[in-house]
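Undergrad: Here is what each chain is made of, one letter per residue.
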Amino acid sequence: MLIARTLFILCSIFCLLFFSTQVSNLHISTDLKDLSPDIAATTEQQDIIDSFSNNIQQRFILYIRSKNKRATEKAALTLSEQLNLLPQLSVNGENPASIKKMLDTLKPFQHQLLSPSQAKSVEEKGILQLRNEAEKKLYQFDSAVRLLPFDEDPLGYFNDYIFSLLSNLSNTQSHNEAQETDGYESTTVSVSIKQTSLDLKTQTHLFNKIKAIEEELEQEFSVDILHSGLFFFAAEAAISSKADVELISMGSTICIIFLLLFVFRSIWPLLLPMFSVTLGVAFATALTYSFYQSLHILTIVFGASLIGIVIDYSLHFFYHHIQHDKHKKNHAHTHLYKALLLSLLTSIIGYSALGLSDLAALRKIALFSGCGLFMAWLTVIVLGQYMLRSNIKTENIFLPKLLACIHLLVPKSKNTIVICFTVLLLTLVGMFYLKGFNTSDDPRLFYRVSKALISEEKTIQTALKQYEPGRFFIIQGQNQDQVRRSVDTLKYNVHKTSPNAQLHNILDATPSTEAQAYNYSIQNKIYKADDGVIALLYKQLGIPTDRAENLQNNYLQSASRELKPLTLTQAIEGLIPTWFENDNSMSTIVLISQGSDTTSFPEVAESLQNVSYINSIDQASDVLKQQRISAANILLLAFILIGILLLLYYRTLSSLLTLLVPASAIIVTLLYLLFSQDSVTLFHIMALFLVLGLGMDYVIFSKEMTAQRETTQKAILLSALTTSVSFGFLSISSIPIAQSFGLTILIGNTANLFGALIYSNTIYTFNHS
Amino acid sequence: MIKYVLYLLFALTTYSSASISATTRSSEEILQSSLPNSCNFSGTFTQEKQLQGLPKPLQSSGDFFFSCDYGLVWQTARPIKEIRIYTTENIHFSIAENQEPQTLSGIANFYLAKLLLDIMSGNTKQLYTDYNVNINNAEKLDITLTPKNKYLKKGLKSIQFLKGLADKENTSIKVNITDANQQVTAMSITENTQYTDKKAIALCETIYGSNTCAILKDPSQYEQNESF
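Chains as they are written, first to last, in our numbering: chain A, 1 to 769; chain B, 1 to 228.
Bound-form chain A, shown alone (with noise of 0.2 Å):
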């Protein structure tokens, strides 16, 4: 006793020194990428993934369109000017600073940048030629416009550049010209969002202020205003799960409020469950914010139904204080601190399992509901004996009469649990052969987006003809020129098998060391002194020969420059990041044109050195399906375990007949989504693991309060119903992972409670034979 209440000073010391300091700035992340395992096959590609997805998350798509094309331009012009004054949006290719930026960066390489067709030209070409081009050059109509003064960039080339490599770049920036698509004039607005993750309150804020602008400019132009975008998605969810979180958590506590209230007639009972349920979410959440940084949303609608076993110690507690024989006081204590304790281990046993899961939301959960667990059970512990009194009693109606009225339901034979396990497994078997389990494991599944929001991302994505969403090739090399050479070998081989596949790379637009090298070098006559070009051209047109002397010595001093690919994505606005550098090596990703046939991408990858073809969606899904597998197999480890647990707890072969309540509880659930044809996930199997702990939980109870059998059943009974209160809550969930996980809960906990009032049964009829 001693230990736990030191243990609960510590952990209560830490909560509060927790909050006192943590509580203004606790941030509650949205981010979907917890709910995607990772799909590499090393870390390195993991880290490039991940980069690569916080980019593409970072970005958003608004597309405006209407049967009048000036409607149209004008609302996306408003709607970029006000998405520009929100302090976390940028709106690309509107920013002037962003063109200054650029010229800025890439100005210092304006010497080793040509076009292939440029540097021909001036390789071929004579001083005095290219005197007369440059000369006639200024006097034509179409080169009127320059990025560059006169001064900087007497010849033009380095302007002409420039304007084809923006031309050549990826469809990134925001247009304000409307075109003709599908009988609708549309332009699109593209933005990025300035800060790397936000949280749930700035996300929503954000969000509103956006639909905001959208409905005021939708009515003002009578537009339609379209998404494409994470953000989006994310958004909704977290909309969602917010919703979720108030419906599980008040729903859960007014149900189980009312229900404590009904059933021990007194406020005072209920101070220990608020107690305990308040200790074990905050120790949950300092706990896991310490060890994430972050407090998941997903977390947050699990933990929403914890409420509802973290309260079954409490109700053990108070009812076997309640009403066992006082002469047996010690000796019942004895054993209900046991039963707790076990019953603490079988629960913690079974969240523990969703901490060998590969998705982080899991992981999140695992660690949040043991820790809410472990502090709820040790505030039973060390304040429960404070908060018995005399005068508490029992609702002694209902409950017995619902006993009584399931134990009509149960069979007392000393057989029945075996029975009824063997016939609940033949079924199943039966079943399985005859029918077969659905199975589904695409992570899009996960989160429920709404149909609209789907619908619009393809329209986009059709009218804008971007790129394959979660397709690319990774290229991994030592060096620059190594992945240049990997990427141009890829583009071979898939021109061979694919012929009408484009591909897209940063390399595409950043010419090779030896090019810029060799541009350079084929200026010189361009800068010369006296009679380079530029020096002939100042003397033709009049201006003082130390302009094109300065011209010079800027061309000398760049000869060891060199444009990088990391240099030239930093310089483009809202430029996917498609280059990735460390100490020891570099590595791209090569983006794919949508439409493209990908069939042989895999094969071409495969045959390649340093290539590897990433299809997120489906990797993902082979990695959630192995996970669902190794979940089951787990389970089966889960249950031997507990058995050898039991052996040598109990030293009896009898003790294993424990087991076969859990087992029956997961058969039936198994059955029912046998019989319902719905697709078993990971979450299902997830799900199993606190089925198993939950029917230890009473298994145990039963086994070590056999005196106080009608005392234990009722608790078993109250706590199952608590348990299915909340986790029928969490059943209507508008998340697909929670609802499954809370319908496989909630059917396989109220097999439980059956297979425990007849576990029950078994052994008082056993002991009393």
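The reader is advised that the hints may include incorrect statements.
[Said to hold, decoys possible] Below are the DSS-like pairs computed for lysine-lysine, each with C-alpha atoms no more than 30 Å apart in a straight line:
no.	chain 1	residue 1	chain 2	residue 2
1	A	LYS137	B	LYS148
2	A	LYS69	A	LYS465
3	A	LYS67	B	LYS125
4	A	LYS67	B	LYS114
5	A	LYS211	A	LYS67
6	B	LYS157	A	LYS101
7	B	LYS163	B	LYS199
[Unchecked claim] Covered by chain A, per the in silico footprint, the following chain B stretches (three or more residues, Cβ under 8 Å):
no.	stretch
8	74-84
9	98-110
10	154-160
No wet-lab data here; the hints were simulated from the structure.
Just so it is clear, CB atoms sit at the ideal spot from N, CA and C, and this is done for glycine as well.
For chain A, the structure is supplied; the task is to place chain B on it using the hints.
TA: Relative to the frame of chain A, chain B by itself:
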């Protein structure tokens, strides 16, 4: 009585509609009235470019031939000699003196060539598509265009049209192009002669030679693929 009231109402409605249309022309109509309205014509131009760093503006002049079916031959005669051919198929060429035609590439060239073709053909619809049009002064036909294109707007600040500088017989238009560095190219384009469709190409050949006009008529035959 009712009949008279109806007549009166009809007359008032007709009168008010007529006066509205007479006094308030749409911006598209104003733009249209500042542009050439014939299909085949030739003329002259003068151009003055003010570039930062140059001691004096670059002045040039020349002549042109336009056919709404084929495009524009734009010949700079002074101080340099060069022909630019901007075709309606959006394939453009330059022909230096005594040299082979070269296909023009580059997005800025492409958009400015398109602008010139749209001005010559009076294609207000396309101008409205590519630019935001602002009427500064309807009477003086002072109009400013700002580009919508995401690339062009990085380098081009505005295009200003001014009409009415030439005499009544000729149609002239002044175009001021201001780039992002405030460098201004001012052009004055004057339409001198209009032709019928049949005579147009024959006259083109007379002025610029059969080779030049053959490129105008069938540009894809002469296109060279220029890679970036």
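Undergrad: Could you run down the list of hints and mark each one as holding or not?
TA: These are the hints, each one checked on the structure:
{"no.": "1", "hint": "A/LYS137 x B/LYS148", "in the structure": "holds (25 Å)"}
{"no.": "2", "hint": "A/LYS69 x A/LYS465", "in the structure": "holds (21 Å)"}
{"no.": "3", "hint": "A/LYS67 x B/LYS125", "in the structure": "holds (16 Å)"}
{"no.": "4", "hint": "A/LYS67 x B/LYS114", "in the structure": "holds (25 Å)"}
{"no.": "5", "hint": "A/LYS211 x A/LYS67", "in the structure": "holds (22 Å)"}
{"no.": "6", "hint": "B/LYS157 x A/LYS101", "in the structure": "holds (18 Å)"}
{"no.": "7", "hint": "B/LYS163 x B/LYS199", "in the structure": "holds (28 Å)"}
{"no.": "8", "hint": "74-84", "in the structure": "holds (count 6)"}
{"no.": "9", "hint": "98-110", "in the structure": "holds (count 6)"}
{"no.": "10", "hint": "154-160", "in the structure": "holds (count 3)"}
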